[in-house]
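Residue strings, one per chain:
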Amino acid sequence: MRTILRESNLDLLGEVERLIAALKATPVVPELVPYHDHMVHACADLREQVCHNLRDLELGRDDILPEILSENPTPGP
Amino acid sequence: MTADWLTFQSFQRNQEVLKAINTLSTHLKLMLSGIADEERTQAADHSVETLRAFLNELEAAACQADRTEPALMLGVDPRFREFVHDYLTARRDHRFRSRLFTGPIGDIKTLLSSNAPNDQEALVECLAELRVLVEEHMSDDVSQILGAI
Numbered sequence: 001m002r003t004i005l006r007e008s009n010l011d012l013l014g015e016v017e018r019l020i021a022a023l024k025a026t027p028v029v030p031e032l033v034p035y036h037d038h039m040v041h042a043c044a045d046l047r048e049q050v051c052h053n054l055r056d057l058e059l060g061r062d063d064i065l066p067e068i069l070s071e072n073p074t075p076g077p
Numbered sequence: 078m079t080a081d082w083l084t085f086q087s088f089q090r091n092q093e094v095l096k097a098i099n100t101l102s103t104h105l106k107l108m109l110s111g112i113a114d115e116e117r118t119q120a121a122d123h124s125v126e127t128l129r130a131f132l133n134e135l136e137a138a139a140c141q142a143d144r145t146e147p148a149l150m151l152g153v154d155p156r157f158r159e160f161v162h163d164y165l166t167a168r169r170d171h172r173f174r175s176r177l178f179t180g181p182i183g184d185i186k187t188l189l190s191s192n193a194p195n196d197q198e199a200l201v202e203c204l205a206e207l208r209v210l211v212e213e214h215m216s217d218d219v220s221q222i223l224g225a226i
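Chains as they are written, first to last, in this note's numbering: chain A, 1 to 77; chain B, 78 to 226.
FYI, nobody ran anything at the bench for these hints, they're computed from the structure. Any given hint might turn out to be false.
Footprint (simulated), chain A over chain B, 3 or more residues, beta carbon under 8 Å [what the hints assert, rightly or not]: (1) 89-99; (2) 103-113; (3) 205-212.
Note that beta-carbon positions come from the ideal geometry of N, C-alpha and C, so glycine has one too.
Generate coordinates for the entire structure from the input sequences, incorporating the hints supplied.
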């Protein structure tokens, strides 16, 4: 379980960082700047959460795996 | 307010509650094992306040549901009304065994303030079962949101 969670968080970290880079590189019209900023902040929060999950996984404790699993996005129905 | 918007609101609130559950539960488990977990202390304190507010709302709505028909609960949005219904059904059916589902909700608010290890262990058990119910409710929100899209 820990290995799967670690791999899935590392994958997600890569995706979020690519998304942040793409958002920052994309020019937007002034009217959309607040929405653009909101998206960048949301992605930064997500990156922070993923880093947190990875740090918690490094603790090597099985008893907090349910919490880490619950913090991971799951595929929709 | 449209049903879709209420579902979005419900999803957002459930996400906040779920985050609070996970943060506090992780913090308590580490603390009970003798790990200081200072990095998460501030977030855990914030989680306590989030959960206290949520439990206040759940307690008020559950009291109202005891007195009246669920459909007549005043000041409670339909999605939260469904959550209250699920909570009361889980209590009635003895689906869970933590104090959140076997005793008064007020007891859990007391546990949130306690530093006693026994109380913290009981709180971890309550949080684990509350997480199950919240995740089920969120799953319904996601189905409705994706269905709407």
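Q. Among all the numbered hints in the text so far, which are the ones the structure does not match?
A. none
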